[in-house]
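Spelled out from the first residue to the last, the chains are:
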Amino acid sequence: MTGIFELLKGKGSEKQPVIVQGITGKFGMRHTKLMMEYGTNIAAGVTPGKGGQKFEDSIPIYETVKEAVHATGAKISIMFVPAKFFLGAAKEALEAGIKLLVAIPEHVPVQDTMKTIEIAKQKDAIVIGPNTPGVMIPGLIKIGIMPASPFKFGNTVVLSKSGTLLYEISNNLSNSGFGQCITIGIGGDTINGTRLVDAFDMVKDYPDLDGIVIVGEIGGDAEEVLAQKIIDENFKKPVVAYIAGRKAPKEKRMGHAGAIIMGNYGSAESKISMFSKANIPVAKRPIEVPILLAGKMGKK
Amino acid sequence: MILIYRTSTAKNINFSLDNFFMRLLEFQAKELFKEYKIKVPEGVTSKDIEKGRVDAKEMGFPFVIKAQVPVGGRGKAGGIQKCNNEDEFELKYPQVLNMTIKGEKTRAILLEKMTEYEKEIYLSLFLNRSKRCYTIISSAEGGVEIESVKDQVIQEVGLGDVTEKVAEDVAKKIGLAENSIPYFVDILQKLSKLTVEKEAELTEINPLVILKDGSMMALDGKLMTDDNSNFRHKELAKYQEKTELEKKAEESGFSLVELDGNIAVIGNGAGLVMSTLDMLTDNGGNAACFLDVGGTATTESVYEALTLISKMKNVKAVLVNLYGGIVKTTIVASAFLKAYDDKIIILPVFARLMGAESDKSKEMLQDSETQLSPSIEEAINKAVMEVNK
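Chains as they are written, first to last, in our numbering: chain W, 1 to 300; chain V, 1 to 389.
In isolation and in its complexed conformation, chain W is listed as follows (with noise of 0.2 Å):
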């Protein structure tokens, strides 16, 4: 599989192109121009019936992934399409070549996740999402919706299953002198197409990384199994994290598909005492990682 920062930053001195699945939807039009004004080479859009057309009198929209890909060359593609429609369009970019797929739609049915994963495992493809806001390489790449204000580059890594505790705690890393080699959304569903320990195998290895903070919430096991991967592998690096969702009450979604507490199994303090075996400070409040993340550092 081709690495994250290896499809984000290419090769060469040319900005790695991307397609926009769902480029004339509202959410798509207004995200694509946010995209390219932060400097992401939107190469081309794909939206079925309005092939042959231009967006923004400059971006060429085709009928399918597969002509788009053939005009670009582009190896990244971000959906914007309805979460009923998501399986079609993830699987026609999947087997057009695409090899990493950010999904932002909420409310895609888990099976349908789970089908574009399997594929997505036979094309070596990464796949980001459904419900992510994004990944972004501060300064050199967005692609997601999410703000450009709190991020600034730097050497730390942020890894969030939440959109705006993402944008929250960066901004707090930032004003803290704690720039971001890279942020990468999971998304809050059940089933992530990307889990935690997926990403923090993407991140791990980078040269300059001198910490991780995890912004993980009730729901699932992903903080846990990622806390017992860090022990396993003797992780050195300073890792901090913040858990939200410590007094949401059981049995109810909290917003996101995956934000449920069962019994036990997705509460905060499994979580957190999981995190504590690992050596990694939680932050009760967000205001507090870079605190902490100052804190691990001044250990070392």
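Hints are supplied without guarantee of correctness; some may be wrong.
In silico lysine-lysine, DSS-like type, Cα no more than 30 Å apart, as pairs [unchecked claim]:
1. Lys165(V) to Lys115(W)
2. Lys229(W) to Lys150(V)
3. Lys362(V) to Lys382(V)
4. Lys362(V) to Lys33(W)
Everything labelled a hint here was simulated from the structure, so no lab data went into it.
Add chain V to chain W, keeping to what the hints say.
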């Protein structure tokens, strides 16, 4: 139901599905079982004693009265009662009907014929989040909390299809008698078909009972569906029970969870709202609701959210936490001004607006009833002081 096992990637990690959130009531799950030809006991459902009496007469004593509640552990709580005659019926039916189990009121009563059986076993199929596949769990011991069972057979089955061979293997591993194996294979394959076709996140039969002739019957049933697949399952819509406010929230694209406290919590993004709820509780406040207007709020949607909150009882203050990014905080400020103009909110509002255009929005709200705080901590403290006045 409690269920614990160790995953191979992560030692010391417990899977505990105690009191699994159950979307469908037992009788509803059993309706689906019947549709898939999984044998269930003869039963009828009622919501009042008049209908119950008619049902009882038709069925004939003895039978069991079963509370229909969307939580586990009802047997221990007295939600399942044997009933031998009319006197017992008159006493026990109202008792079970008026019961509240773990905060959930009895929604209906299922009267069910008693079944004679030889043995109880356990069978379920669930969505394994960390392995990202469906997983079968089965055990030769059923009818008890699965946590207390030592020999569980766990089998991952990808997208949920169970082949005859896999089903047979599971049957053998749990040590079923030869004459029961074909029945088990049949039920497991039917359960798999149901799970995949209805897009359930969990289907569970506990206990699955073995009858004298070796055949099997589902004495209980649990089923949890995937809300996001509702659009292709119109047939399941009748099983959804939602409050008026929940329905309205869904129409507006919000996530709303009603809670017991008196401070309404609104924000954009599930994580941010959960975080606000945590900090509010840490500081001695009690949330009346969790309301996520979504990462893409508009003036209209925030106005809608305020309208919803104005309809909630017990709310004494509103706490707003917004991180303006793509969504400019001025959009939110406009919604507040409109809500004040229309007299939608008369409650004190404590807000923290961060991010895009927050200076401008603060100016807009300066002369309004909204009290702005530079930090969420301050907004929380003010809200808590207000309700404790």
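Verification of the supplied hints:
1. Distance restraint check for Lys165(V) and Lys115(W): the Cα-Cα separation of roughly 23 Å lies within the 30 Å cut-off, and the hinted pair is therefore satisfied.
2. Using a Cα cut-off of 30 Å, the hinted pair Lys229(W) and Lys150(V) holds, with the two alpha carbons roughly 27 Å apart.
3. A distance of roughly 17 Å separates the Cα atoms of Lys362(V) and Lys382(V); the hinted pair therefore holds under the 30 Å criterion.
4. The suggested pairing of Lys362(V) with Lys33(W) holds, with an alpha-carbon distance near 27 Å, which does not exceed 30 Å.
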